[in-house]
Amino acid sequence: MKRRVILHYMVLITVTLVLIEGLLFFTVNRFYYHGVAQSIIEHAETSVHVYEQSHPEQMVPLHSHARVIMELFTMDNIDLSLFTLNGNQIATSSGILPKNEKKVLFEPKIISGESYFTIEKQEKERTMSVYAPLIERGQVVGVLQYHTSLKRIDDQVFSLYRIFLLIGLSILAIVFFISQRLANSIVMPVKELIDFSERMAHGNFNTRINETYRDELKTLAGTLNKMADEIVQSNQLKHDFISSVSHELRTPLTSIMGWVETLNEDITVEEKALAVNIISKEANRLTLLVEELLDFSKLQGDRMKLNRTELNINSLLFHVALQMKNRALQKNVMIELNGGKKEYTILGDEYKLRQVFINILDNAIKFSKENGKVEVRLNEKKDKLLIEIKDNGIGIPKEKLIRVTEMFYQAHPEKTGTGLGLAISKKIVELHGGEISIDSEEGRGSSVKISLNYLE
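All letters in the sequence shown, in the order written, are residues 178 to 633 by our numbering.
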């Protein structure tokens, strides 16, 4: 990954530098070579203007004025040649005409009065030839050729090229060094996060990653640490759940097995009746526990379905309170039902809602103090049916209150239970389109409020 990051940076910078270097080379080339050609062309144009003013009005043969033209149009350190329009050389600044010189073919634009230049490669150096029209009385009568060596200019240009290349290479070296540091700043944290994730994948959830990174990496590190905390917590809850369920199963089974052994002995009729009664209660307790586990399984797979019918909620609460009466009497807890004067009908699953109310009422009794009281109230609030079950028991610590509806969580692990009741109850209420909220103050009791839609 580090190599890819460095490669991407280097490719990007190299392409950018190549484009900039190319632009610089083009600019320097144009400035020097076109500048030389333009200065020669401007000299020729100025000389043509002087030549026309000093030349007699009557046109004469070009040969007769060759010497005057050469003196007027010559430039220092530049060879000058005069040609006819058909390419024959008729004069040079050196005064020597080469023998058997071939005719020069000019570009057509020279006839229309335009100048141009060419650059040629000789054996040891490059040369430039500038062709300028000789104009007389508005007509092109000849061609002036300025010929000069480009060695000095080439040396200057190539020196600039070398400087540009050296600067470019220096920039690449600096960028490479910076990209190394930058790649390390990106790759190393990612590598640490990957290593941490791999340790988590192998079951090591006790280590934590440093959250000193910046921006998104810091958020990711925090998320991974939080995930590890949640997994550790979940594993602990599952461990507690298994221990709790094991205990919940073992207690009634031990009781049943003990009374079964007692039934095999020679006991009185009254003792047999008591044994059968206790075995029946413990069997019912096991049945409820198994049903709770089945409901949990359905919730995990989103397979819980409701059998909705029109249901009188006042009657349902009355029968639940009656069913829990003996349970309350065992702790000298009084259940007070205040159903109001109005009868309320809802569209819901009677069995599931009964399970909700039994669970909440059972918790209220379980955590109530001796000689305590549990109130069940029924009223309306903002077009909703509000059912409140309130106790004056031991309450729930504030830091634990937010988690009491989580799967397996127990605010008071020392009490019996699986930690599933409130979680299942919350899901059932939500499936009915309602809401459940819990208020509690440690040492003063708890209040569970359930809001449901009702039929007018």
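The hints are simulated quantities; they were obtained by calculation from the structure and are not laboratory data. Hints should not be assumed to be uniformly reliable.
Derived DSBU-like pairs (lysine-lysine); straight-line CA-CA distance at most 35 Å [what the hints assert, rightly or not]:
| id | residue 1 | residue 2 |
| --- | --- | --- |
| 1 | Lys475 | Lys543 |
| 2 | Lys395 | Lys328 |
| 3 | Lys546 | Lys561 |
| 4 | Lys577 | Lys567 |
| 5 | Lys475 | Lys577 |
To see whether the hints hold, each was checked on the structure:
The suggested pairing of Lys475 with Lys543 holds, with an alpha-carbon distance near 26 Å, which does not exceed 35 Å. For the hint pairing Lys395 with Lys328, the CA-to-CA distance comes to about 61 Å; that exceeds 35 Å, so the pair is violated. Note on Lys546 and Lys561: the hinted pairing holds, with a Cα-Cα distance of about 31 Å set against a maximum of 35 Å. At most 35 Å may separate the alpha-carbon atoms for a hinted pair to count; Lys577 and Lys567 meet this at roughly 18 Å.
Restraint check: the Cα-Cα separation between Lys475 and Lys577 comes to about 26 Å, which is no more than 35 Å; the hinted pair holds.
When each numbered hint is compared with the structure, a violation occurs for hint 2 only.
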